[in-house]
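Between the sequences and the hints, there should be enough to build the whole structure, so can you do that?
Protein chains: 2
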Amino acid sequence: MSEGTEQVKIQRITDRERLEAEDTVVREFPLTIILNNQELVTLLCSPAKLRYLALGFLASEGLIREKADVKSLLLDDRRGVVRVETAGPTPIEQGSVFKRFITSGCGKGAAFYSAVDAAQAKVESATRIAPDQVFSLMKDFQTRSDIFRETGGVHSAALAEGDRILVFCEDIGRHNAIDKIFGECLWEGIPTRDRIILTSGRISSEILFKVAKRGIPILISRSAPTDLAVKTGGDLGITVIGFARGRRMNIYSHPDRVKGAGDP
Amino acid sequence: MSEGTEQVKIQRITDRERLEAEDTVVREFPLTIILNNQELVTLLCSPAKLRYLALGFLASEGLIREKADVKSLLLDDRRGVVRVETAGPTPIEQGSVFKRFITSGCGKGAAFYSAVDAAQAKVESATRIAPDQVFSLMKDFQTRSDIFRETGGVHSAALAEGDRILVFCEDIGRHNAIDKIFGECLWEGIPTRDRIILTSGRISSEILFKVAKRGIPILISRSAPTDLAVKTGGDLGITVIGFARGRRMNIYSHPDRVKGAGDP
Chain A
1 MSEGTEQVKI
11 QRITDRERLE
21 AEDTVVREFP
31 LTIILNNQEL
41 VTLLCSPAKL
51 RYLALGFLAS
61 EGLIREKADV
71 KSLLLDDRRG
81 VVRVETAGPT
91 PIEQGSVFKR
101 FITSGCGKGA
111 AFYSAVDAAQ
121 AKVESATRIA
131 PDQVFSLMKD
141 FQTRSDIFRE
151 TGGVHSAALA
161 EGDRILVFCE
171 DIGRHNAIDK
181 IFGECLWEGI
191 PTRDRIILTS
201 GRISSEILFK
211 VAKRGIPILI
221 SRSAPTDLAV
231 KTGGDLGITV
241 IGFARGRRMN
251 IYSHPDRVKG
261 AGDP
Chain B
1 MSEGTEQVKI
11 QRITDRERLE
21 AEDTVVREFP
31 LTIILNNQEL
41 VTLLCSPAKL
51 RYLALGFLAS
61 EGLIREKADV
71 KSLLLDDRRG
81 VVRVETAGPT
91 PIEQGSVFKR
101 FITSGCGKGA
111 AFYSAVDAAQ
121 AKVESATRIA
131 PDQVFSLMKD
141 FQTRSDIFRE
151 TGGVHSAALA
161 EGDRILVFCE
171 DIGRHNAIDK
181 IFGECLWEGI
191 PTRDRIILTS
201 GRISSEILFK
211 VAKRGIPILI
221 SRSAPTDLAV
231 KTGGDLGITV
241 IGFARGRRMN
251 IYSHPDRVKG
261 AGDP
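Quick note, the sequences are listed as chains A and B, same order.
In terms of the working numbering, the first sequence opens at residue 1 and continues consecutively.
In terms of the working numbering, the second sequence opens at residue 1 and continues consecutively.
Check each hint, because a few of them may be wrong.
Note that identical chains are pooled: a pair holds if it fits in a single copy or bridges any two copies.
As the list claims (entries may be wrong) - In silico PhoX-like cross-links for lysine-lysine, where the CA-CA straight-line distance does not exceed 20 Å:
1) Lys122 x Lys213
2) Lys9 x Lys259
3) Lys9 x Lys231
4) Lys213 x Lys67
Quick caveat, the hints were computed from the structure, so don't treat them as lab data.
Structural data, given as structure tokens:
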């Protein structure tokens with residue numbers, strides 16, 4: 001049993017019987033982020049890599065940009081509270097307007113939409129990937145998803161380069177899983193630019209904005225994108241690959257980054 | 001093709017070939033709710049039953065309680081804006097403290113947690129269900145999920161009584177799907193108390209609070225609950241049934257509402 005799951009007593013009913021049993025359920029943990037002594041948000045998440053989640057969330061919301069912006073970070077994982085102090089004032093304290101934006105996605109439902117987001121730059125990158133690398137990445141990605149296999153209730157995300165997975169995170173929320181990746185990269189000094197993001201979940205528009213902010217040109221999922229995600233991928237210069245399963249995939253935008261059979 | 005989907009041009013890569021093709025993707029639509037002339041939130045959702053979604057969202061957040069609370073509701077579905085005016089001031093305007101609470105769930109990530117929520121009453125109900133009714137409901141529920149079958153990217157929710165589905169809604173967000181149900185019930189005068197909710201998605205704690213607020217004693221899903229959902233179901237007096245697939249199911253809390261083989 002991993003730390004992300006819990007045993008509970010259940011009654012199991014089948015056609016033949018009704019019996020007392022034990023079942024493994026995935027954990028759901030409330031993490032409250034206090035930013036500069038002000039309660040910012042409570043995330044419902046899987047209780048692992050909580051520091052990375054807090055940092056990734058703050059970065060995705062445009063409240064921090066780099067490790068140097070963080071003066072201190074104190075996690076009380078018994079109480080489910082993480083206190084972050086920034087080196088300077090954040091856009092919120094500077095009075096930027098932000099807007100509650102609630103997504104269709106798992107986890108991190110709300111986003112502060114700042115003026116910075118609106119002027120989101122298009123991703124320019126010479127990164128290319130071969131279909132065999134996509135197939136190999138997704139095979140590795142599936143193999144690593146332990147909690148998901150155990151309970152059917154967790155999303156995974158990964159940062160990759162070529163056919164190698166560099167960072168891997170899981171969470172009950174698909175947005176949280178991606179924020180954990182970006183928080184880990186920010187804290188550990190792992191570059192994201194020109195690299196690849198893998199996700200187990202559906203691709204919605206908001207994920208494209210997150211990924212563009214990190215300069216990532218390729219997003220791969222085993223699930224489907226929405227129409228708005230396809231459009232946003234096109235606008236932001238991101239190659240969106242969906243339904244990457246076995247030795248098949250669909251390319252929804254910027255297919256030029258996927259090498260052809262005859263390419264060098 | 002249903003109104004909830006869109007055709008897009010893709011490149012499909014398999015082991016043998018790379019070809020231009022058409023694919024069906026699910027739509028993702030931004031709906032901004034303006035409450036009493038103040039922009040409240042933008043939901044990313046499926047573009048159907050938008051009035052019900054707005055009403056269900058406001059009810060779930062405790063900003064309205066019944067149809068009489070709504071003075072006017074104007075939907076501009078071209079611009080993606082719904083304007084709601086309430087008969088009296090809302091808890092927000094009355095200065096209630098609310099807290100951003102971001103869930104692991106799909107859709108409706110943030111919730112205003114009011115004092116009312118904190119004092120959530122336990123559901124008392126004499127409703128009982130037989131295993132055969134659960135199996136029959138879930139079979140019907142699966143059959144109705146059209147968009148899901150087409151694109152693999154949509155959640156469903158339903159209100160049921162006995163083995164009959166009364167209201168059925170779909171959305172890219174599982175919270176949105178449930179809010180559409182409650183909005184439809186509120187607007188059309190369909191009682192929810194003592195009835196049953198079905199959901200295609202994972203059961204997280206926040207869904208239990210939503211369901212308790214409607215006096216619903218039984219929640220059934222084909223997916224898994226989290227540990228916090230199981231605990232919350234126990235505390236709020238709700239029977240949580242997960243993995244209801246074929247002729248099997250797991251009961252995670254209050255199993256007394258599921259009739260035994262020998263019961264009358």
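When the hints from earlier in the document are held up against this structure, which numbers fail? As far as the earlier hints go, not one is violated by this structure.
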